[in-house]
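Here the protein sequences come in this chain order: E and P.
No gaps in the numbering here: position 91 of the first sequence is 91 in the numbering used here, and each next residue is one more.
No gaps in the numbering here: position 1 of the second sequence is 1 in the numbering used here, and each next residue is one more.
Treat the hints with care, since some could be wrong.
[To be verified] With a straight-line cut-off of 30 angstroms between C-alpha atoms, the simulated BS3-like cross-links for lysine-lysine are:
hint	chain 1	residue 1	chain 2	residue 2
1	P	LYS170	E	LYS3
2	P	LYS63	P	LYS76
3	E	LYS197	E	LYS3
4	P	LYS63	E	LYS110
Derived by calculation from the structure, the hints in this document are not laboratory data.
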Amino acid sequence: MLKGLSLEIERGELFCLLGPSGCGKTTVLNLLAGFEQPAGGAIQVDGRPVTAPGVERTVVFQGDDSLYTWLTAVENVEFGLRLAGVAPERRRATAERYLDLVGLRGQGHKYPSQLSGGMKQRIQIARALVCESPILLMDEPFAALDAQTRSTLQDELIGIWQQTGRTVLFITHDIGESILLANRVGLMTAGPEARMKTIVPVDLARPRRRSDPAVGALYERLADMVSEEVRRAGALR
Amino acid sequence: MSVASAGKVAEASAKTTAARGRLGIPAVLVPVLSVCALVLLWQVVSATFFPPVLFPTPVMVGKALVGEVASGRLLKDSVVSLRRIFAGFVLGCTIGAGLGLLMGAVRLARRGLDPFIQFGRFVPSISLLSPALIWFGIGEGSKLFLITYTTTFIVLLNTLAAVLSVPRNKIRAAQSLGATRWQLFRLVMLPASLHGIFTGMRVGMGLSFTTVVAAEMIAADTGLGYLIINSRLWFQTDVVFVGIITLGTLGYLTDRIFQALIHRLAGRYAPTH
Chain E
1 MLKGLSLEIE RGELFCLLGP SGCGKTTVLN LLAGFEQPAG GAIQVDGRPV TAPGVERTVV
61 FQGDDSLYTW LTAVENVEFG LRLAGVAPER RRATAERYLD LVGLRGQGHK YPSQLSGGMK
121 QRIQIARALV CESPILLMDE PFAALDAQTR STLQDELIGI WQQTGRTVLF ITHDIGESIL
181 LANRVGLMTA GPEARMKTIV PVDLARPRRR SDPAVGALYE RLADMVSEEV RRAGALR
Chain P
1 MSVASAGKVA EASAKTTAAR GRLGIPAVLV PVLSVCALVL LWQVVSATFF PPVLFPTPVM
61 VGKALVGEVA SGRLLKDSVV SLRRIFAGFV LGCTIGAGLG LLMGAVRLAR RGLDPFIQFG
121 RFVPSISLLS PALIWFGIGE GSKLFLITYT TTFIVLLNTL AAVLSVPRNK IRAAQSLGAT
181 RWQLFRLVML PASLHGIFTG MRVGMGLSFT TVVAAEMIAA DTGLGYLIIN SRLWFQTDVV
241 FVGIITLGTL GYLTDRIFQA LIHRLAGRYA PTH
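Given these sequences and hints, build the entire structure.
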């Protein structure tokens with residue numbers, strides 16, 4: 001599916017991986033997370049090869065079926081600490097702190113079924129942050145949300161990223177989203193045998209506004225490149 | 001203001017529809033009425049077209065019921081059948097859920113046991129009655145074996161299906177949070193499968209009733225199955241119907257109790273609670 005794809009992400013960077021649907025963005029994430037193994041080539045974090053999932057690379061999934069429906073919000077958030085054997089009172093206190101961070105103070109006792117789509121994604125983010133993993137892998141986490149909630153969560157993600165200093169790989173097919181969030185946007189070619197087409201630095205001051213002409217200009221540039229890939233994929237099929 | 005009151009009106013009318021339905025009959029009365037209607041139909045049909053020995057009227061069955069309760073035979077046979085069902089049910093649930101979880105979690109076990117499962121699920125328990133009688137005798141052993149066999153299969157298949165259908169992202173999330181294999185099983189796969197396991201147990205309970213009656217009809221001198229088959233030999237058709245109605249009622253009550261227990265003790269494991 002991927003071929004000759006090369007990508008380096010800096011520590012503390014918010015990197016957006018952008019590409020036409022079906023090009024293998026999620027495969028890149030699965031490889032980095034250690035869910036899948038590459039047939040060839042190598043994946044390294046801090047110079048060490050990635051061979052399995054690990055707590056230094058936590059994942060926020062698209063959709064909410066990764067949440068544990070039988071656990072309350074706070075129990076979901078503290079799940080990683082429970083796995084690590086942290087004492088109940090200490091892990092509860094830490095989880096509450098992260099619930100605050102994602103704007104869910106006082107909602108910890110609710111079950112996922114009692115929460116809206118946006119709140120569920122917030123829980124996923126808190127759950128991924130709680131282990132203090134330096135790397136956060138996010139697979140189109142806001143794709144299924146309504147425009148209003150998505151925009152709010154984008155702003156909040158920037159705030160959390162700036163506050164916590166994590167390295168974030170954010171996968172999206174939304175060009176506007178990638179420009180608002182990223183230090184750099186990596187654009188993939190359409191499959192089969194997808195690779196990086198280009199990497200575009202986004203040197204715009206934060207907070208960024210969609211109405212900013214510089215954002216608009218970059219949007220045009222990226223949109224042209226994406227449609228070129230979509231056309232090429234169409235011609236191949 | 002008007003929006004708020006409109007909302008209230010909608011809510012109120014929704015409540016009325018749920019409690020009363022379209023015809024204005026209170027919802028709780030509907031099943032009562034349908035049962036009454038069926039009994040009435042039964043009375044008319046049996047009294048008009050059949051001699052009592054072929055199809056007794058509900059009144060005759062009611063009298064027979066009183067007689068059987070008074071003599072203590074109905075209670076004794078019910079207790080015997082229920083005890084057989086519960087013993088086999090508990091044993092079958094334990095084996096079935098255990099093996100199902102093992103097969104779901106360990107690929108080697110799944111591959112190794114699969115041929116037996118695929119074969120065994122087409123072998124009805126009652127076809128094993130003959131070897132069961134030879135091996136375990138005519139007493140409780142053969143019944144326990146058959147009910148256990150029935151329950152084991154249905155619980156095992158449901159458990160396996162439940163474990164295999166745990167969403168992949170639930171497993172991957174735990175892996176990326178550092179779960180060991182055992183933690184993954186205990187904290188994700190098991191709780192995510194519980195609802196499916198309980199569903200299998202409910203079906204298994206129903207099949208246990210079927211199996212015990214079949215076994216008691218062929219080889220027993222107690223139990224509701226024996227009561228039915230023995231009464232037929234004496235042309236006590238009314239008692240046959242007493243046995244049938246007792247079976248249905250006991251099954252229904254058992255299922256309701258089981259459901260309430262599941263809801264009470266494991267409600268949070270239902271997929272959409």
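Do the hints match the structure? See the list:
no.: 1; hint: P:LYS170 with E:LYS3; in the structure: holds (29 angstroms)
no.: 2; hint: P:LYS63 with P:LYS76; in the structure: holds (18 angstroms)
no.: 3; hint: E:LYS197 with E:LYS3; in the structure: holds (12 angstroms)
no.: 4; hint: P:LYS63 with E:LYS110; in the structure: violated (54 angstroms)
Against the hints set out earlier in the document, a violation occurs for number 4 only.
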